[in-house]
Amino acid sequence: MSTPGAPAAALTRAAAADDGAGSTPAAGALDAVRLALLRDLKLAFRKRGQLVQPLAFFALVTMLFPLAVSPELSRLREIAPGVIWVAALLASLLALEFLFRDDAYDGTLEQYALSGQSLTWLVFAKTAAHWLLTGLPLALMAPLAALSLGAPSASLPGIVGSVAVGSVALSLIGSIGAALTLGMKRSGALLSLLTLPLSLPVLIFGARATQLAISGGPLLAPLELLGALAVLGVTLAPLAAAAAVRVSLE
Amino acid sequence: MLDERLEVENLHLWRGERHVLRGVHFALGRGGCLEVTGPNGSGKTSLLRTLCALIYPEEGRVLWKGENVRRELPAFHAALAYLGHEPPLKADLSARENLRYWIGIRRRVAAAELDAALERVGGSSWCDRLVRTLSAGQRRRVALAGLALLVVPLWILDEPTTNLDTEGQQLVGSLIAEQLSRGGLVIAAVHQSLPPAVRDVRRLELSP
Amino acid sequence: MKWTWLHRLASPPYVYALAARLTPWFAWPAALLIAAGLWGGLVLAPADYQQGDGFRIIYVHAPSGWLSLMVYTIMGVAAAVGLIWRIKVAHAVAASCAPIGASFTFAALVTGALWGEPMWGTYWEWDPRLTSELILLFLYLGYMGLRAGIDDTQRADRASALLAVVGVVNVPIIHYSVTWWNSLHQAPSVMRLGRPTMPPTMLLPLLLMLLGFTLYFVALLLMRLRSEVLARERSASWIREAVSA
Amino acid sequence: MREFFDMGGYAAFVWPAYLVTLTVVVLNMVWARRALARSRAEARRRLDRRGEQP
Chain A
1 MSTPGAPAAA
11 LTRAAAADDG
21 AGSTPAAGAL
31 DAVRLALLRD
41 LKLAFRKRGQ
51 LVQPLAFFAL
61 VTMLFPLAVS
71 PELSRLREIA
81 PGVIWVAALL
91 ASLLALEFLF
101 RDDAYDGTLE
111 QYALSGQSLT
121 WLVFAKTAAH
131 WLLTGLPLAL
141 MAPLAALSLG
151 APSASLPGIV
161 GSVAVGSVAL
171 SLIGSIGAAL
181 TLGMKRSGAL
191 LSLLTLPLSL
201 PVLIFGARAT
211 QLAISGGPLL
221 APLELLGALA
231 VLGVTLAPLA
241 AAAAVRVSLE
Chain B
251 MLDERLEVEN
261 LHLWRGERHV
271 LRGVHFALGR
281 GGCLEVTGPN
291 GSGKTSLLRT
301 LCALIYPEEG
311 RVLWKGENVR
321 RELPAFHAAL
331 AYLGHEPPLK
341 ADLSARENLR
351 YWIGIRRRVA
361 AAELDAALER
371 VGGSSWCDRL
381 VRTLSAGQRR
391 RVALAGLALL
401 VVPLWILDEP
411 TTNLDTEGQQ
421 LVGSLIAEQL
431 SRGGLVIAAV
441 HQSLPPAVRD
451 VRRLELSP
Chain C
459 MKWTWLHRLA
469 SPPYVYALAA
479 RLTPWFAWPA
489 ALLIAAGLWG
499 GLVLAPADYQ
509 QGDGFRIIYV
519 HAPSGWLSLM
529 VYTIMGVAAA
539 VGLIWRIKVA
549 HAVAASCAPI
559 GASFTFAALV
569 TGALWGEPMW
579 GTYWEWDPRL
589 TSELILLFLY
599 LGYMGLRAGI
609 DDTQRADRAS
619 ALLAVVGVVN
629 VPIIHYSVTW
639 WNSLHQAPSV
649 MRLGRPTMPP
659 TMLLPLLLML
669 LGFTLYFVAL
679 LLMRLRSEVL
689 ARERSASWIR
699 EAVSA
Chain D
704 MREFFDMGGY
714 AAFVWPAYLV
724 TLTVVVLNMV
734 WARRALARSR
744 AEARRRLDRR
754 GEQP
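The listed protein sequences correspond, in order, to chains A, B, C and D.
Sequence positions in the first sequence follow our numbering and run 1 to 250.
Sequence positions in the second sequence follow our numbering and run 251 to 458.
Sequence positions in the third sequence follow our numbering and run 459 to 703.
Sequence positions in the fourth sequence follow our numbering and run 704 to 757.
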C-alpha cells in the first residue's frame, strides 16, 4: 500500500455512511438486469469466435439439404420451412451449452444467487443476452437460407418474424435445460434429450408460419400461437431456470 | 432496528454418505469474528455455504437478526458478502470492469470509490488489464476490493489469504479489523489462523 | 386429526411400513381384475363388426396408454409437492413413477403400432395420439437421464422434480400442438377408443383392465417407493428394523 | 381352440401385442423386487460400515 491515507479514508467514509443499514444505495432490480445483460454482451464480443459458431452451423446444415435431397428449387421450396426450423433449433441448442457454464465455473452464478437481487430476473437477463446473441442473428440469417432454398422474396419478412418470435421461446425453454444440466461433465446429449421434446410446439408452429409465408397464405394464426408460447416462456421459464440454478449450487 | 446477529442452531448436513456437520451451533454479534478451522474435508466450505443459505441443511437453522434466513432470503443476502475459494472474476474483463458489474448489480458505486478500493489493494497499476493476465494473488486482491466495496455487515470468507504474499495477508488483516471496528461480523474459514491485526477471534474447530 | 395423518405420510418409517403392508392389498385384486379382463376381452367379447378380432388389442393398448399419462401426472404432482414442501417421500414417489411410466409408454407405443398395421396398413402412422405418446416416452427418458446424471440423491431429486413440473405444464401444450399439426396434414384417424356405442360385453372387460392396471401400478409404486425411501434415509435407526424384518 | 388362437386372422398382431404388454407387466414386477432387494442390501452395508466406526 503506497498511500494508505486519502483513498482509504474515502473508502472508510463511504463505508461509514452506509454502515448499519445494510448497503444503502442499493441497485434496483432494473439496474441489476441491465448490468447483467451488458456484462454478457460485452463478454460475448470479447470472444467473437464463439458467437459465430451457431450461425456457421445454421448455414452449414441448411446447405446440406440441397446436396442431400436435390438442387431443384421447386422441391427445396417444399422442405424449406422444415429445414430452416430444424437447423435453427439445432443451432440454438448448440449455443445453449455456453449459457450458464462459464458463470457456474468462475463463481459468477454463486454471486448472482447471493446478490440479494432476484435470481429469476438475473437469469432472465442472461437468457435475453443469449437470445440477442443467437436467436436474433439466426432470425436475420434465415432469409438468406430461405432464398437459397427457393423461397420468394415476398416471404422474407414473414420468415424473419417467425424465426425471431420462435427463437425467443427456444432460448427460454433451453435456459431450463441448460440450468438443469449444470455441473455435469458430458451434458450435450442429455441437454438435447431434455430440450427438444419441450421445443416441439415451437417447431410445429414456427414451421407452419414459415410455410404459410412461402406459399403466401395468412400466417397470423401460427404466429400468434408462437407469440403465446414466447409469452408463456417469458413468464415461467426464468422461474424454473433460476430454481434449477439454485439446485446446481447446493 | 434489530441488532445484527447471526445465530446458528444445531446444523446437521450430509454430503452423500458423509455426515459432515454434526450439530454445529454458535452465535455471533456485532464486531464478532469467528475463525473456522479443520483439516481438508472437514466441511469448512460446506458450513460457509450453508450459512449463506446456498445449501439446505438436513436439520437446524440459521438466524439473522433473530429470524430464519430462509424467510427473507433477499434481505439476508443483501446484508452478506461471500468470497469462495476462487475470486468470482471473469477472465475476459479487466479488474475494474469486473468490479463494476459484480458490485454494480448489488449497489450503485461511483467511479472514484472504485478507484479508491483498487488503490487500497494495490491495484492502481494493473486494474485495467484483463483478469486472465493477472496472477492468482492479484485476482485475490481484486476480490478483496470487491468485498470492501460491497459495504455489508456480514462477511463470509473461504480461505481469504490464499495466494497472497505477506503484505497481502496484512491487507486482509486490516480489512477485517476495519470491518469489525465498524460493527461488522466476519466468519472466515482458514488453514492456520487469521493475520495478527485481527484480535478477539473466536474459533470453531471442525473435525473430519 | 386430519393433519397428523398427513404428517405421518411425510415420515419415511411410517411410509415404509405402510407401503409394505398395503402392497398385497393392491397386487392381488389387480391380478384378479386383469385375469377377469383378459377372459372377458379375449373370449367373451364378440368380434368387432369392422375390425374383427383385431380390436382386441384395445384391452392391452388402452390400459398401457392410460397408465403412461396417469403416471406422468402423478409424477409431476409428487415432484411439485416435494419441491414446495421439501418432502423426501414425495420425491421418492416421483422417482418411483418414472421407470414404471416409461415402460408402459413403451408398451402403448408397440401395441399401438401392432394395431396400426391391420387397421391402417402401416405400423407407424403420424397419428396425433401415437406421436404424443412417442414424445411422452422421450420426456420420461429425459427425466430418467437427468436423474442418472446427478450423483447426489438430493440434488437429483430437486433437479428432476423441476423437470417433471415443467414437463407436466408442457404435456397439454405439446398434445395440442401435435393435434393442430395433424389436422393440417391428414384426415382424422380410424382408431377411436371408448366409443359410447360399445356394447357392454366389450366395454366391461376394458373397464376391468383399466382398473386392474391402475391397481397394479399402485402395487408397483408401493414396492419401488420402499426402495427409494430406504435409499434416501441415512441416519435413522428404523433402517435396522426395516432391513432385519 | 384353433379358432381362438387364430384370432380371425389377426393372430400376428393380437398375440404379439399381448405378449409385449405381459412382458412389461412381468418385468416391472421383477425390476421392482430387484430394486427393493438392492436398496436393502445397500442399507445393510451402510449400517455395517457405521457400526465399525462409531
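One or more hints might be untrue.
Simulated restraints, written as ranges between beta carbons of each label pair [what the hints assert, rightly or not]:
{"no.": "1", "chain 1": "D", "residue 1": "Leu725", "chain 2": "C", "residue 2": "Asp506", "range": "20 to 30 Å"}
{"no.": "2", "chain 1": "A", "residue 1": "Gly49", "chain 2": "B", "residue 2": "Arg379", "range": "42 to 52 Å"}
{"no.": "3", "chain 1": "B", "residue 1": "Arg272", "chain 2": "A", "residue 2": "Arg101", "range": "29 to 39 Å"}
Okay, derived cross-link-like pairs now, SDA-like style, lysine to any residue, Cα gap no bigger than 25 Å in a straight line [said to hold, decoys possible]:
{"no.": "4", "chain 1": "A", "residue 1": "Lys185", "chain 2": "C", "residue 2": "Pro504"}
{"no.": "5", "chain 1": "C", "residue 1": "Lys546", "chain 2": "D", "residue 2": "Ala746"}
{"no.": "6", "chain 1": "A", "residue 1": "Lys47", "chain 2": "B", "residue 2": "Arg379"}
{"no.": "7", "chain 1": "A", "residue 1": "Lys47", "chain 2": "B", "residue 2": "Leu343"}
{"no.": "8", "chain 1": "C", "residue 1": "Lys546", "chain 2": "D", "residue 2": "Arg741"}
{"no.": "9", "chain 1": "A", "residue 1": "Lys47", "chain 2": "B", "residue 2": "Arg449"}
Simulated from the structure, these hints should not be mistaken for laboratory data.
Only a predicted model underlies this, so the values are computations on that prediction, with no experimental measurement involved.
Don't be surprised by glycine CBs; every beta carbon is placed ideally from N, CA and C.
We went through each hint and held it up to the structure:
1. D/Leu725 <-> C/Asp506: 20 to 30 Å: holds (22 Å)
2. A/Gly49 <-> B/Arg379: 42 to 52 Å: Violated: the Cβ-Cβ distance is about 21 Å, outside 42 to 52 Å.
3. B/Arg272 <-> A/Arg101: 29 to 39 Å: At roughly 34 Å between Cβ atoms, A/Arg101 and B/Arg272 fall inside 29 to 39 Å, so the hint holds.
4. A/Lys185 <-> C/Pro504: violated (57 Å)
5. C/Lys546 <-> D/Ala746: Judged against 25 Å, a Cα distance of about 17 Å means the pair holds.
6. A/Lys47 <-> B/Arg379: holds (16 Å)
7. A/Lys47 <-> B/Leu343: Holds, because 11 Å separates the two Cα atoms, which is no more than 25 Å.
8. C/Lys546 <-> D/Arg741: holds (19 Å)
9. A/Lys47 <-> B/Arg449: With a Cα-Cα distance of about 46 Å, the restraint between A/Lys47 and B/Arg449 is violated, given a limit of 25 Å.
Hint compliance for this structure: hints 2, 4 and 9 are broken, all remaining hints hold.
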